[in-house]
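Novice: In case you want the letters, here they are:
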Amino acid sequence: MDLTYTAEEEQFRTELRTWLAENIPEEWTRPGYWASLDTTESFEKRREWEARKTAAGFSGIQWPVEYGGRGGTPGMKAIYDEETIRAHAPQTVNTLGLTFLAPTVMAIGTPEQKAEIIGPMLRNEVIWCQGFSEPGAGSDLAAVATRGVRDGDDFVVNGQKIWTTNAMHGDKIFTLVRTEAGSERHKGISMLLIDMDQPGVEARPLKQMSGASEFGEVFFTDARVPAKDCLGEIGQGWRTAMLLLSFERGASGVGQYTEFRRQYDEIVAEAKRFGRADDPVARQELARCLVELECLRYHAMHILTRTEQGKDLGAESSMTKLQWSEAFQDLWEAFEKVLGPEATLAAPRPDVDLTPFHAQDHWSRSVTIWGGSSQVQRNIVAERVLGLPR
Amino acid sequence: MFFALTEEQEAFASTVSEFLADRFDLEAVRGVVEDPDGDGHPLTLWKGLADQGALAVLVPEEHDGLGLGLVDAQVVARALGAGVAPGPWLATVLAAEAIRLAGSAEQQARWLPALAAGETVGTVALRGEGGAWDGSGITVDANSPEGDGAGRLSGSASPVDYANVAGLIVVAATDASGTPGLYLVEAGASGLSVRDQHTYDGTARVGAVDLADTPAEPLAAGGPDAVTALLARGAVLNAADLVGVAREALSRTVAYDRERTQFGVPVGSFQAIKHRMADLHVAVTMAEHAVLFAAHALDTDDPGTAAAVAVAGSKASDAAWEATGAMIQFFGGIGFTWEHEAHFFYKRARRRAPLFGSAEEHREHLAALTF
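Here the protein sequences line up with chains Z and X, keeping their order.
The first sequence begins at 513 in the numbering used here and counts up by one.
The second sequence begins at 122 in the numbering used here and counts up by one.
Simulated from the structure, these hints should not be mistaken for laboratory data.
Keep in mind that a hint or two might mislead.
Taking beta-carbon pairs under 7 Å as the criterion, some of the chain X residues facing chain Z (in silico) [unchecked claim]:
hint: 1; residue: L164
hint: 2; residue: M398
hint: 3; residue: V432
Computed footprint of chain X on chain Z; a stretch qualifies when at least three of its residues, placed anywhere within it, have a C-beta under 8 Å from a C-beta of chain X [stated by the list, open to error]:
hint: 4; region: 513-524
hint: 5; region: 786-798
hint: 6; region: 825-839
hint: 7; region: 881-891
Glycine residues also receive a C-beta, built at the ideal position from the N, C-alpha and C atoms.
Given the sequences, and given the hints that come with them, work out the whole structure.
Specialist: Here it is in C-alpha cells:
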C-alpha cells in the first residue's frame, strides 16, 4: 500500500491550487451560488471559465500533448478532480464530449475528424451533446428508431432523441442513427456527428422535477449530415458506442467523493442547526451515509491503482457506478429523514435558504437512471463479474 | 498510488488459503463444530499456522517474528474467515500486539517469541457483560495492595475468545482512579476461573473469565491509549475475518446458483437473485477496501485512523451479516440444514459482528468524530 502521489503529481497539485485560488471569484464559493443562476447564465459563465482554464493549461489533463492536452498521469487527473471541486470550480459544460467523444475520436477517428473535433472541443468553442436515448430506447439502447437515409453524400435524418444533456446549448450532437432500413437491434446503426445549427434540428428544454432544465429533447426533421461525419464505420455504430461508453469515469471517484463529502458536512451542519444532531437514529442514518462515501473514496484509490497499472476496468465500472450513485442518493434521503419537516421548506427560517439542498436532493433521483440504470448495472455485475447465467 | 496487496502479500494469502484447503477443509471444521465439548483448538491447524508465520506476522524480528504490519495480518485473518477456521489465532495475535505495544523490554522478551511460535496461546479480555468496546465497558478492578505496582485483579470479562486454552490472558482493568490499563494474567493464577459460555458458533470457543484477587502484572505502558490501540487492532482484524466470511459465503452462493436448476433454468438467471448477488458483491468489495484502508491507516499512524477503523468495522459487519443470511436464502432448503456448511458462515458472522464494537457502535463513533 502506498496512498501517496508522486512528487511530480504533487507539484501539479500546487500549481493548480495556486491558479484556482487566483481565478475563482469569491461569490462562486457561496453555497448555492450556481443553483441561483438561470440555466443559460450559468452555462455562459461556465463556458467562459472553461476557455480560460484551457488557456492556462488545466484542461485535457490526461490527453496527449498532440491533441492540446497536458499529457498527464491518471493521478494528475484525480488531483485535478479533487482540487477543482475543493475550490468550488464549476462543472464543465462539455462533459459528454470531453469524457466520451474525444477519446473515441482519438482512438478511431479519421485524421480530419481528429483535427476538426478535438481542439475546438477542448477550448469549448464547440459544445457536444450525446444523442443516444429515445422515447422508445432508454435502458434498451439497441431499440433506437431514429433513421438516416442516404441521399448523395449526405444522410437525411428523422427521429427524436430525449434526455439530452445541454440540448439547448449544444452545437453538435453525436447521434446513434439507424442507417440501414429494416435493420434490427445492434445492426445497421451508425454514429453520426450532426450539426445542431440547421433548420432540420430543433431542441426543446425538458423541465425536470427539480424545476431545472439540464436535459432536453432533440427533434430531427430531414436534418442533413455528410456521410463523412460518421465516427467509426457506417453500420458499425453499436461497436463505436460500446467503445465510447468504455471511456466512462476511470478515476473520477476521487472528485465525486470530495463533492459528496462536502454535501455530507453541509447536511450535518443543518442537522445541528435544527436540533437533530443528538438524535441517535439520525446519527446512525448519517454515519451510514458516511461509511458508504468513505468506501467510495477507497474504491476510487483502487480504481486509480488499476488505471495506473494499465488494467482494463471492464465491467468493474458498473460497480463504481452503483456505489457512487446509490451512496449519493442515500445521502439525500438521509437529509430528508433527518431534518424531517424542515427539509421540505425552502425558508424554514428567515436566514436559512435550503433551495440548493432541494436542487441536489431532487437531482439525486436521476443518477440511478442515467448512464445505465442501477438495474442494468446489477445485471452487468451479476453476469459479467459474477458469471451468473443470462 | 498503490491501493492493493503486493505480490508477496498475495502469495502469503494463497499460502494460508491453500493450507486450509489441503489440511483443514470444511470436513475438518465440521469435526470441531460437532465436538462441542472439545477445546476447539486443533493442533494440526495450529502448528501449520505457526509454521507459515501466521502467528508471528506482527511480532518484531528481534523477538523471532516477521515484523510485518496490519495489512499483512489482515491477509491471514481474511483467509481464516473464508475457511471458517477454528482456533485462537486472533486471540493470540492480539495478546502479542498488547505486549508489543505496551510491554516492557523484559515482558516482550519473555512472551513474544513464545506467542509468535505458537508455544503459548494468548487471548484478550477487554470488556465485561453488556459493556461497550471503548474502554468504558471494563468490569475488572485493579488494586495494588502492596503499593509495589504488582496488581491484583477482581471482576469478570466476557466473552473471551479461547480463554479455555489460553496460557496468557491480557486483561483490561480499571485502577482505583478509574483509569483503564492492561495486565498480564497467567493460566493457573490463583482466583482465576474460566467458564465455557457455549457459543452457537462451533468454529470458536468462548468463555467468561472470572478473577478474584488474582495476581497480575501490569504492562509497562498499558494505559488508556494502549487499550484504545488494542481495541482498534482487534476491530480491524475481526473485520478482516468477517470480510473473508462474507466473500466466501457469496462465492459459494453464486457457484451454487449457477448450477441449481428450477423451472428448467439455473436459478441464478433470475433477476431477483442476480440483483441481490450484485449488491452483495459491491458491498463485500467495499468492505474489503475498507479493511485494507484501515489496516494501512494503523500501520502508518494516519490521522484519520479512528474514522477508518469505524468505517471498516461497520461495513464489514453489515456485509458479513447480509452475505451469510443471503447464503442460506439462496441455497434454499438445503442451506437451512445441519449437514450443509451455510450455518458455519452464518453463525461465525453473527458471533463476530458485535465483537470490538457492533456496526451501530462503530457508526456512533463515526458520528462523534464528524459531527
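Novice: Each hint needs a verdict: does it hold in this structure or not?
Specialist: Here's how the hints hold up against the structure:
1. L164: L164(X) check fails; min Cβ-Cβ to chain Z is 34 Å, beyond 7 Å.
2. M398: holds, 5 Å
3. V432: This hint holds: V432(X) lies near chain Z, its Cβ roughly 5 Å from the closest one there, short of 7 Å.
4. 513-524: That given contact holds, which follows from 5 residues of the region 513-524 of chain Z lying within Cβ reach (below 8 Å) of chain X.
5. 786-798: holds (count 5)
6. 825-839: holds (count 3)
7. 881-891: holds (count 4)
The earlier numbered hint that this structure contradicts is number 1, and it is the only one.
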